[in-house]
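This is what each chain is made of:
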Amino acid sequence: MLPANRHSFSLPQPAHIVRIVRENYRTVTFTFDLSWPDAGPGQFLMAWLPGLDEKPFSLLHNDPLQISVAAVGRFSRQIQQLHSGEQVWLRGPLGHGFQSQPGPMIGIAGGYGVSPIHFLATWLRNRRERHVIIGARTARDLLFAERFRAAGVQVHLCTDDGSAGEMGVVTVPLNPLLAAMPDATIYACGPTPMLEALAAICREQHRGCQLSWERYMRCGFGVCGSCARREDGWLACQDGPVEIIPG
Amino acid sequence: MLPANRHSFSLPQPAHIVRIVRENYRTVTFTFDLSWPDAGPGQFLMAWLPGLDEKPFSLLHNDPLQISVAAVGRFSRQIQQLHSGEQVWLRGPLGHGFQSQPGPMIGIAGGYGVSPIHFLATWLRNRRERHVIIGARTARDLLFAERFRAAGVQVHLCTDDGSAGEMGVVTVPLNPLLAAMPDATIYACGPTPMLEALAAICREQHRGCQLSWERYMRCGFGVCGSCARREDGWLACQDGPVEIIPG
Amino acid sequence: MSLPTTCCDVLFPNPIVLASGILGTEAGLLTRVARAGAGGVTSKSASVRPRMGHPNPTVLDWGYGLINAVGLANPGLAAEVAILQEAKTMLKPLNVPLIASIFAETIDEFGRAAAIVSRAQPDLIEVNISCPNVGHELGHPFALDPENAAAVTKAVRNNSDLPIIVKLSPNVTDIVEIGLAAEAAGADAIAAINSVAGMVIDIHAARPILANREGGLSGPAIKPIALRAVYNLYEAVQIPIVGIGGVSSGRDALEMIMAGATLVGVGSAVRQRGVSALGEIATELAHLLDDLGYDSPVSAKGVAHVAR
Amino acid sequence: MSLPTTCCDVLFPNPIVLASGILGTEAGLLTRVARAGAGGVTSKSASVRPRMGHPNPTVLDWGYGLINAVGLANPGLAAEVAILQEAKTMLKPLNVPLIASIFAETIDEFGRAAAIVSRAQPDLIEVNISCPNVGHELGHPFALDPENAAAVTKAVRNNSDLPIIVKLSPNVTDIVEIGLAAEAAGADAIAAINSVAGMVIDIHAARPILANREGGLSGPAIKPIALRAVYNLYEAVQIPIVGIGGVSSGRDALEMIMAGATLVGVGSAVRQRGVSALGEIATELAHLLDDLGYDSPVSAKGVAHVAR
Ligand SMILES: Cc1cc2nc3c(=O)[nH]c(=O)nc-3n(C[C@H](O)[C@H](O)[C@H](O)COP(=O)(O)OP(=O)(O)OC[C@H]3O[C@@H](n4cnc5c(N)ncnc54)[C@H](O)[C@@H]3O)c2cc1C
Ligand SMILES: Cc1cc2nc3c(=O)[nH]c(=O)nc-3n(C[C@H](O)[C@H](O)[C@H](O)COP(=O)(O)OP(=O)(O)OC[C@H]3O[C@@H](n4cnc5c(N)ncnc54)[C@H](O)[C@@H]3O)c2cc1C
Ligand SMILES: Cc1cc2nc3c(=O)[nH]c(=O)nc-3n(C[C@H](O)[C@H](O)[C@H](O)COP(=O)(O)O)c2cc1C
Ligand SMILES: Cc1cc2nc3c(=O)[nH]c(=O)nc-3n(C[C@H](O)[C@H](O)[C@H](O)COP(=O)(O)O)c2cc1C
Ligand code: FES
Ligand code: FES
Chain A
3 MLPANRHSFS
13 LPQPAHIVRI
23 VRENYRTVTF
33 TFDLSWPDAG
43 PGQFLMAWLP
53 GLDEKPFSLL
63 HNDPLQISVA
73 AVGRFSRQIQ
83 QLHSGEQVWL
93 RGPLGHGFQS
103 QPGPMIGIAG
113 GYGVSPIHFL
123 ATWLRNRRER
133 HVIIGARTAR
143 DLLFAERFRA
153 AGVQVHLCTD
163 DGSAGEMGVV
173 TVPLNPLLAA
183 MPDATIYACG
193 PTPMLEALAA
203 ICREQHRGCQ
213 LSWERYMRCG
223 FGVCGSCARR
233 EDGWLACQDG
243 PVEIIPG
Chain B
3 MLPANRHSFS
13 LPQPAHIVRI
23 VRENYRTVTF
33 TFDLSWPDAG
43 PGQFLMAWLP
53 GLDEKPFSLL
63 HNDPLQISVA
73 AVGRFSRQIQ
83 QLHSGEQVWL
93 RGPLGHGFQS
103 QPGPMIGIAG
113 GYGVSPIHFL
123 ATWLRNRRER
133 HVIIGARTAR
143 DLLFAERFRA
153 AGVQVHLCTD
163 DGSAGEMGVV
173 TVPLNPLLAA
183 MPDATIYACG
193 PTPMLEALAA
203 ICREQHRGCQ
213 LSWERYMRCG
223 FGVCGSCARR
233 EDGWLACQDG
243 PVEIIPG
Chain C
10 MSLPTTCCDV
20 LFPNPIVLAS
30 GILGTEAGLL
40 TRVARAGAGG
50 VTSKSASVRP
60 RMGHPNPTVL
70 DWGYGLINAV
80 GLANPGLAAE
90 VAILQEAKTM
100 LKPLNVPLIA
110 SIFAETIDEF
120 GRAAAIVSRA
130 QPDLIEVNIS
140 CPNVGHELGH
150 PFALDPENAA
160 AVTKAVRNNS
170 DLPIIVKLSP
180 NVTDIVEIGL
190 AAEAAGADAI
200 AAINSVAGMV
210 IDIHAARPIL
220 ANREGGLSGP
230 AIKPIALRAV
240 YNLYEAVQIP
250 IVGIGGVSSG
260 RDALEMIMAG
270 ATLVGVGSAV
280 RQRGVSALGE
290 IATELAHLLD
300 DLGYDSPVSA
310 KGVAHVAR
Chain D
10 MSLPTTCCDV
20 LFPNPIVLAS
30 GILGTEAGLL
40 TRVARAGAGG
50 VTSKSASVRP
60 RMGHPNPTVL
70 DWGYGLINAV
80 GLANPGLAAE
90 VAILQEAKTM
100 LKPLNVPLIA
110 SIFAETIDEF
120 GRAAAIVSRA
130 QPDLIEVNIS
140 CPNVGHELGH
150 PFALDPENAA
160 AVTKAVRNNS
170 DLPIIVKLSP
180 NVTDIVEIGL
190 AAEAAGADAI
200 AAINSVAGMV
210 IDIHAARPIL
220 ANREGGLSGP
230 AIKPIALRAV
240 YNLYEAVQIP
250 IVGIGGVSSG
260 RDALEMIMAG
270 ATLVGVGSAV
280 RQRGVSALGE
290 IATELAHLLD
300 DLGYDSPVSA
310 KGVAHVAR
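Protein chains in written order, with our numbering: chain A, 3 to 249; chain B, 3 to 249; chain C, 10 to 317; chain D, 10 to 317.
Treat the hints as calculated values from the structure; they're not laboratory data. It should be emphasised that the depicted structure is a prediction, and the values quoted were computed from it without experimental measurement. Cβ coordinates follow ideal geometry from the N, Cα and C atoms, glycine included. Wrong hints could be hidden among the right ones.
[Unchecked claim] One side of the interface only, derived from the structure: several residues of chain D facing chain B at Cβ under 8 Å: (1) 36; (2) 37; (3) 296.
Based on the sequences and whatever the hints tell you, model everything.
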């Protein structure tokens with residue numbers, strides 16, 4: 003018979019919020035009193051608020067654990083009501099994250115997709131060149147530009163309405179970068195249409211890329227099939243969330 | 003969730019008989035194609051014959067596994083019907099065995115009690131002095147005398163009827179040994195009355211001893227209470243079978 | 010060693026089939042499991058109307074197995090038929106049969122579900138009777154009494170010509186009685202077991218962790234419960250049994266076959282071994298059968314039954 | 010932190026009690042468990058006449074818990090009364106209550122067993138109704154239907170003035186229904202759960218390993234089954250519940266208390282933690298209650314119940 007309480011790491015673990023930082027009008031970063039030193043950029047956790055729901059969030063940092071949450075619905079608004087010292091239950095680390103490639107980094111982040119891209123940029127801090135393209139609808143939606151700069155990353159901004167950075171989607175600043183850095187690896191996280199556009203560009207140019215996809219999740223560990231892609235059964239939670247597409 | 007098939011060592015493991023040696027008119031030694039290198043003298047196993055029963059037997063050796071079985075009833079007669087190559091299911095090692103003490107060894111064995119005492123004598127092969135007293139009803143019941151001698155152990159025999167060695171029970175040859183070797187440790191295994199007599203002698207002489215008791219067993223791991231001593235709840239399977247009685 | 014196994018006149022390349030509700034949501038995923046060596050695949054249970062299911066947490070690993078209360082989330086049978094048709098097409102070149110799982114909340118609806126799902130022409134229909142009977146005053150699952158189980162089986166039988174597997178719940182006083190009722194009502198096979206009712210509680214939150222409070226246990230912890238169910242059913246029913254519950258190795262699969270299973274369902278083992286779990290288990294089973302001198306799974310079927 | 014807990018007007022120094030059938034065979038052993046910190050001890054179930062029980066194997070560790078089919082081996086109540094009297098005397102200075110477990114094969118015999126065991130004046134009687142009813146045509150355990158459970162409870166009630174705990178089986182469609190029947194028939198408390206029916210098979214021997222073929226599962230694997238039973242019983246019955254099943258740490262014990270248990274039974278954990286398991290679990294429970302801000306076990310009782 004096995005020792006008791008083997009379960010502690012698979013079931014949600016209670017964590018206290020130790021710091022709350024407001025990033026913009028709708029995004030908040032939480033720091034917890036828990037560390038997962040083995041977790042890497044692109045991996046995620048499931049955050050449970052008892053009585054409400056459990057939702058996936060990308061790691062912004064592993065040690066201590068950090069996530070950034072954009073208020074868009076019931077869960078994300080509710081978690082933003084919590085104060086320092088209150089508890090959130092965390093399950094993870096889950097999934098397979100980014101695979102660091104030699105050579106320069108081009109990070110592309112849409113919305114709260116900045117979270118795993120920022121983790122990755124700090125992870126690759128010894129790289130010669132690190133660029134990040136941050137896209138958003140409008141200036142007030144842009145996130146983490148200063149954080150990236152403080153971390154020594156070259157930042158390229160773009161907004162749909164041109165209220166900050168270039169006007170247009172992330173492909174606008176991306177194209178010249180791709181041309182200038184033939185050996186750079188593309189790492190991206192953001193809304194599905196953005197990732198689909200990036201996949202198309204990379205396919206066309208025969209360049210590999212690493213894309214972190216979002217799907218509705220239940221188990222988070224490759225059993226329930228909730229997060230499967232129709233065509234090939236690729237599981238966002240277990241095969242991903244980061245898809246490594248060869249060039 | 004834990005890896006599959008965690009159970010292999012707790013449930014009975016099939017073992018093939020690789021050698022069968024007849025020791026006397028009713029006792030047979032079996033060697034199996036299984037080894038438990040961590041098992042020591044005084045520990046036991048549960049041997050299962052599917053469809054019949056499961057019974058405890060002391061280890062005669064750990065690597066490869068060996069047991070000696072005296073035909074006294076249904077199970078012990080049935081196991082003696084098996085041939086080389088056939089299977090017996092073994093569960094163990096179980097219990098706590100003898101604790102080797104510095105100084106000379108006096109082993110005392112009644113009947114198939116020779117089995118763990120022989121294992122112990124080989125275990126303590128570097129001791130200055132090793133004596134063993136083997137007791138039996140009559141000459142043809144005596145076991146292992148040659149084996150002990152071959153292992154360099156000084157052998158003292160006694161039988162109830164004097165048909166071999168001294169006439170009388172094991173205490174007859176024991177008393178002079180005790181007097182001659184004040185620093186020797188007494189290790190004994192045999193029928194309950196023999197052990198009770200030894201316990202009384204040792205208590206009287208304020209000498210420590212290690213006695214291996216037999217009780218009816220079910221679980222073999224300290225749960226079911228089948229092997230409990232009435233007075234103090236001492237469990238032969240888990241606290242013993244060897245009881246370490248301080249001097 | 011020949012693994013191919015026939016059940017209800019359908020040929021399975023090996024007896025290891027994907028259990029319903031695990032990886033069974035999309036055609037591409039069913040096919041992926043088949044490519045990785047499964048002998049058959051079962052789709053996630055679907056009902057006439059779509060269902061959202063319960064909020065999260067719905068599926069957890071509690072250390073000795075999984076617990077789930079997905080709440081039978083599914084896109085509804087109209088959408089499911091499209092998934093099944095796509096899956097059929099993709100599975101055809103692999104010769105891996107497709108089992109379509111259905112459920113409903115009333116007996117009539119079971120009949121309708123059977124009629125709709127039959128349009129996709131799966132190789133077999135599995136009838137999941139472990140969901141609550143909303144037509145019944147107490148809301149008890151149909152699997153919990155023999156009359157309901159028989160009525161559901163008949164309703165499905167009357168609405169489809171495909172072979173029918175009735176999947177039983179272990180959460181009953183006497184699973185054999187339910188199995189016999191399903192057999193008498195026309196089931197072609199029995200699947201046993203569905204998950205075992207249980208609950209996990211978090212002491213810090215001071216509440217059950219699943220949003221639905223209780224859920225179904227699966228994985229290693231329930232294997233002995235499943236073996237007992239299959240063993241006892243095998244002594245009572247004449248129709249084949251799909252043995253499901255806690256199988257995560259070739260050895261487990263062989264135990265299930267020796268208890269009396271014709272096919273062996275595998276679900277939670279995917280947690281430990283990934284999508285290729287089923288193919289690996291089939292390979293392990295083949296090696297074990299060889300080692301033990303059996304020339305096929307069917308030659309080991311039921312051999313653990315000994316005279317009382 | 011104050012661990013002392015009252016159940017049926019009996020004061021237990023802490024809520025962790027030894028479950029029946031584990032280490033409960035001898036007065037010296039019951040006392041040893043009490044000395045090692047148990048809050049109460051239950052003797053092995055005894056019947057009017059002695060029983061040999063089944064041949065070995067009877068108790069096995071299958072990796073995720075134990076399985077047993079000891080077959081209710083016991084020396085008969087005449088001898089048991091002597092054991093209980095001796096135990097009472099030895100336990101008195103420790104202030105650890107003694108629960109005497111009885112069973113029988115007919116309803117009348119349950120009454121007789123209650124009368125005989127009462128002579129030993131244990132603090133409580135536990136009625137194990139999970140054994141087969143040989144008076145009943147099918148031989149089903151009394152625990153499997155509410156009428157039988159009620160009849161047994163009444164027979165015991167009519168033959169003893171001691172507080173009565175009725176111990177339920179999890180192998181039923183609806184444990185709450187059985188609990189309610191026992192309560193209505195005069196039970197002072199409910200114990201849940203007894204072991205879960207299961208089977209282990211050896212592929213080399215090609216047969217079930219237990220001589221009795223099937224047996225009862227206990228230990229970690231059944232904890233979620235026990236938690237669900239206690240949780241659901243707590244919402245239905247008014248009398249206290251002894252929560253039993255898979256508890257092997259203070260955390261497990263607290264989960265059981267939050268589900269609604271007044272006392273917590275511990276059995277199989279002795280396999281991992283030895284005779285001192287119960288005392289250690291009580292200590293861990295005290296620390297956890299402290300950490301979480303509860304001032305006694307009773308203040309945590311049932312707190313996992315949340316509005317539906
Ligand atoms: C791998 C992964 C990583 C993520 N990382 C982050 C992160 O770092 N930061 C962050 O803020 N969020 C992240 N999310 C999203 C997050 O999990 C929640 O979906 C988000 O917080 C919205 O939840 P809500 O309950 O607040 O909103 P909801 O009430 O669920 O809905 C808000 C909006 O999202 C859409 N939506 C919600 N659920 C679904 C669904 N099941 N299917 C389709 N559309 C749906 C709705 O259409 C609605 O417009 C991640 C998701 C995944 C899968
Ligand atoms: C720790 C331990 C180590 C052992 N080591 C060995 C060993 O190395 N070699 C060996 O040959 N045997 C050993 N035994 C004894 C062995 O386990 C069997 O008891 C023996 O083989 C007899 O079993 P049987 O079925 O053949 O005989 P049975 O049919 O069981 O009985 C034979 C005789 O033994 C007595 N007996 C049997 N069972 C019981 C019981 N439950 N209570 C009281 N008396 C009983 C009977 O009175 C009968 O006279 C050991 C026992 C224990 C507990
Ligand atoms: C996440 C999950 C979802 C399930 N959904 C269904 C379902 O929709 N229909 C069904 O009949 N069984 C369902 N089951 C039960 C499984 O098919 C299977 O009977 C059970 O899990 C035992 O097998 P296992 O131990 O191999 O997982 C589900 C099980 C799990 C773990
Ligand atoms: C070896 C063994 C013997 C048992 N004997 C009895 C018994 O005689 N009477 C009884 O009511 N329960 C008996 N049980 C069941 C336990 O009391 C308990 O209900 C069950 O084991 C679950 O608790 P656990 O997981 O802490 O062991 C026995 C359990 C085991 C493991
Ligand atoms: S969330 Fe369950 S398989 Fe991905
Ligand atoms: S044989 Fe079970 S406690 Fe010793």
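How the hints compare with the structure:
{"no.": "1", "hint": "36", "result": "holds, 7 Å"}
{"no.": "2", "hint": "37", "result": "holds, 4 Å"}
{"no.": "3", "hint": "296", "result": "violated, 26 Å"}
Hint 3 from the list above is the single one not met by this structure.
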